[in-house]
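Chemist: Given next are the chains, with one letter for each unit.
Protein chains: 2
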Amino acid sequence: MNVITLKPPYLIFLGDVTELTYAKTGAGLAQWRPDACAGQLSLVKPGLALGLPDMNVEQAIAANVGSLIIGTATVGGVIPESWLDTLIEAAEAGLDIVSGAHGRLQDNPRLAAAAQKSGARLVDVRVPPAGLPVASGKKRSGKRLLTVGTDCAVGKKYTALALHAALKNAGMDADFRASGQTGIMISGQGIPMDSVVSDFLSGAAELLSPDNSPEHWDIIEGQGAIIHPAYGAVSVGLLMGSQPDAFVVCHEAGRTHIAGWPEIPLVKIAEIILRTVAVGRLTNPAIRCVGVSVNTSALAPDTRATYLQNLERQLGLPCVDPLIEGVDDIIECLVNDSIPEPVE
Amino acid sequence: MNVITLKPPYLIFLGDVTELTYAKTGAGLAQWRPDACAGQLSLVKPGLALGLPDMNVEQAIAANVGSLIIGTATVGGVIPESWLDTLIEAAEAGLDIVSGAHGRLQDNPRLAAAAQKSGARLVDVRVPPAGLPVASGKKRSGKRLLTVGTDCAVGKKYTALALHAALKNAGMDADFRASGQTGIMISGQGIPMDSVVSDFLSGAAELLSPDNSPEHWDIIEGQGAIIHPAYGAVSVGLLMGSQPDAFVVCHEAGRTHIAGWPEIPLVKIAEIILRTVAVGRLTNPAIRCVGVSVNTSALAPDTRATYLQNLERQLGLPCVDPLIEGVDDIIECLVNDSIPEPVE
Numbered sequence: 082m083n084v085i086t087l088k089p090p091y092l093i094f095l096g097d098v099t100e101l102t103y104a105k106t107g108a109g110l111a112q113w114r115p116d117a118c119a120g121q122l123s124l125v126k127p128g129l130a131l132g133l134p135d136m137n138v139e140q141a142i143a144a145n146v147g148s149l150i151i152g153t154a155t156v157g158g159v160i161p162e163s164w165l166d167t168l169i170e171a172a173e174a175g176l177d178i179v180s181g182a183h184g185r186l187q188d189n190p191r192l193a194a195a196a197q198k199s200g201a202r203l204v205d206v207r208v209p210p211a212g213l214p215v216a217s218g219k220k221r222s223g224k225r226l227l228t229v230g231t232d233c234a235v236g237k238k239y240t241a242l243a244l245h246a247a248l249k250n251a252g253m254d255a256d257f258r259a260s261g262q263t264g265i266m267i268s269g270q271g272i273p274m275d276s277v278v279s280d281f282l283s284g285a286a287e288l289l290s291p292d293n294s295p296e297h298w299d300i301i302e303g304q305g306a307i308i309h310p311a312y313g314a315v316s317v318g319l320l321m322g323s324q325p326d327a328f329v330v331c332h333e334a335g336r337t338h339i340a341g342w343p344e345i346p347l348v349k350i351a352e353i354i355l356r357t358v359a360v361g362r363l364t365n366p367a368i369r370c371v372g373v374s375v376n377t378s379a380l381a382p383d384t385r386a387t388y389l390q391n392l393e394r395q396l397g398l399p400c401v402d403p404l405i406e407g408v409d410d411i412i413e414c415l416v417n418d419s420i421p422e423p424v425e
Numbered sequence: 082m083n084v085i086t087l088k089p090p091y092l093i094f095l096g097d098v099t100e101l102t103y104a105k106t107g108a109g110l111a112q113w114r115p116d117a118c119a120g121q122l123s124l125v126k127p128g129l130a131l132g133l134p135d136m137n138v139e140q141a142i143a144a145n146v147g148s149l150i151i152g153t154a155t156v157g158g159v160i161p162e163s164w165l166d167t168l169i170e171a172a173e174a175g176l177d178i179v180s181g182a183h184g185r186l187q188d189n190p191r192l193a194a195a196a197q198k199s200g201a202r203l204v205d206v207r208v209p210p211a212g213l214p215v216a217s218g219k220k221r222s223g224k225r226l227l228t229v230g231t232d233c234a235v236g237k238k239y240t241a242l243a244l245h246a247a248l249k250n251a252g253m254d255a256d257f258r259a260s261g262q263t264g265i266m267i268s269g270q271g272i273p274m275d276s277v278v279s280d281f282l283s284g285a286a287e288l289l290s291p292d293n294s295p296e297h298w299d300i301i302e303g304q305g306a307i308i309h310p311a312y313g314a315v316s317v318g319l320l321m322g323s324q325p326d327a328f329v330v331c332h333e334a335g336r337t338h339i340a341g342w343p344e345i346p347l348v349k350i351a352e353i354i355l356r357t358v359a360v361g362r363l364t365n366p367a368i369r370c371v372g373v374s375v376n377t378s379a380l381a382p383d384t385r386a387t388y389l390q391n392l393e394r395q396l397g398l399p400c401v402d403p404l405i406e407g408v409d410d411i412i413e414c415l416v417n418d419s420i421p422e423p424v425e
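Top to bottom, those sequences are chains U and C.
With the working numbering as the guide, the letters of the first sequence map in order to residues 82 to 425.
With the working numbering as the guide, the letters of the second sequence map in order to residues 82 to 425.
It is worth saying that the hints were derived from the structure and are not from the lab.
Heads up, a few of these hints could be off.
It does not matter which identical chain is meant; a pair holds if it fits inside one copy or across any two.
Each computed SDA-like pair below joins lysine to any residue, with the alpha-carbon atoms no more than 20 Å apart [said to hold, decoys possible]:
#1 349 to 174
#2 88 to 193
#3 219 to 337
#4 219 to 341
#5 220 to 345
#6 349 to 385
#7 349 to 359
#8 219 to 344
#9 220 to 369
Work out the full structure: start from the sequences and follow the hints.
Modeler: Right under this line is the structure:
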């Protein structure tokens, strides 16, 4: 399969970072994949605590770790000199080195030499796999749900992970399908859709959620927003290739304009639904919205319940903050076929 | 400017090809850019006649030719051994070598060495320029028209070239903006949109038709079709970044299904118009359809007039075969602001 695939279990490398806000990838891995995280490696004391055992490279080898994952952001995507000795030690010992930064691991000659010697892989999860196909448009077996957004960074990955976890908890057969670098690290596989050449975008999306058993759900991490002035095409390509049966709209309460584009107002959730259905119908006529996932952290505690109730009344769909209400209402709507039509 | 730019005038290289159908690029150049074509070079006698003077490399140098353009298709995108001596001779003499094939010129070591020695460029027009930006979504000055399609290969490039020629004939200020390899060769510059990484697709489209004087028209070559199962995202990215004021729908009469996707029916022209307006409004609320360009070659001569009349009645827009009626009716609709609204 032409998707990036990581080798578990993982050693989460935290470098010299001491603030959680610069270690979102590592924290996401510890939260969503505790089973796959063998330990953490910090270069400073006291380092960050992700709740994992501290472990050096030697201990990681003894614990059969497969990959060292760089769990922190790097300035300008370049690996700091002070990290390099440890990364080289890990590569020499045969651990895959995994990075989500813009800079390529392979471009560091010492690291590249160490990996070549041991046979370890240098995996840049922002680099799409080679040989991606053109989309076929053919219907695939199994069921699919895609998270879509009113904008970037509104909880599409989080919502997909929460939906996947809820389905698994309910004893259903499901996979999380990652379409961005952090999602790929959490999932252990996936395709960074925004880095795929345009001609192969929908083909990559088809590959991401292949044929499966009839009752199986692929929960696909969305990208961008269908109305986004820069990334709309990525959202459309992912939507057309995913052929979702269902989708959930993700939104951040209080956001009024596209983040970084202060002159471009967001469109209403109802319009996102209509546009998503219009495009999604091209490859799956049965597509339907099954809920709205809202980050309500910007709302005062006494207004958030009213906000979600008003939204539910407007749209006729379950509207939840996944961190507070959880996603059970959406799962119920997903499993139940009789969904009210959206109303403006 | 981050667009591919070719150095005229051109020597059209025809290799050992003797059938016009395998020399579409060369024929397109001779038809649309006779001013830029200094001559043709065939390796066989009698070779193809594009109506250009026969010229060897030495004569081309004497005629101040800037680029040798490979005007023929290659099998699998690989340069045949029998062509190589001539291409190397041209590169050694300082001519840029231009190819639209999938294989990269740079991958041929002898050709690469020859070019490096003389300073000639090896230009693969399928390879997008480096450093493309993310779209800004900002409105640009000047006016823009985009050709869109009901499918691939329905005359989007031809129609754009015909509209550009008609505007120039009418004494108006206009540029043809190429978004695919053959268009880039004809225009001498452009960006191959389908090869651009998804994140930068709309940014590349913005770059393709930069700020211009208020009455200037950019006539932008479209790609794919907004409803295409594989290439829809390319069409959407180009549409959003182009911010067109006007668009023309291109169609081939008699085509019932997506070419190469026999199970996927085409949608009606009226639906293409509505979908294009819905997406185009996101970056230019004033977008409007100004006509339909139909390839009627598959229709019997006595039915084509009726076909176009029925279409005009349905859509309330000028509907022409650009090879037969020309595009003057569309130009009139473009210049005249009061366009009837499309009716289903």
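Chemist: Taking the hints in turn, state whether each one holds.
Modeler: Hints and how they fare:
For the homomeric pair residue 349 and residue 174, neither the shortest alpha-carbon distance inside one copy (52 Å) nor that between copies (61 Å) is at most 20 Å. For a Cα distance limit of 20 Å, the shortest separation of residue 88 from residue 193 inside one copy, 18 Å, qualifies, whereas the shortest one across copies, 39 Å, does not. Taking the shortest alpha-carbon separations for residue 219 and residue 337, only the inter-copy value of 18 Å comes in at or below 20 Å, while the best intra-copy value is 38 Å. Only between protomers do residue 219 and residue 341 lie at most 20 Å apart by alpha-carbon distance; the minimum there is 12 Å, versus 37 Å within a single protomer.
Proximity of residue 220 to residue 345 under the C-alpha cut-off of 20 Å is restricted to the inter-copy arrangement: shortest distance 11 Å between copies versus 36 Å within a copy. Proximity of residue 349 and residue 385 under a CA criterion of 20 Å is satisfied intra-copy only: 18 Å inside one chain copy versus 44 Å between copies. Proximity of residue 349 to residue 359 under the C-alpha cut-off of 20 Å is found in both arrangements, the shortest distances being 15 Å within a copy and 15 Å between copies. Within a single copy, residue 219 and residue 344 get their C-alpha atoms only as close as 39 Å, which misses the 20 Å cut-off; across copies the closest is 9 Å, which meets it.
Taking identical chains as interchangeable, the C-alpha atoms of residue 220 and residue 369 lie at most 20 Å apart only when both belong to the same chain, with a minimum of 16 Å there against 34 Å between chains.
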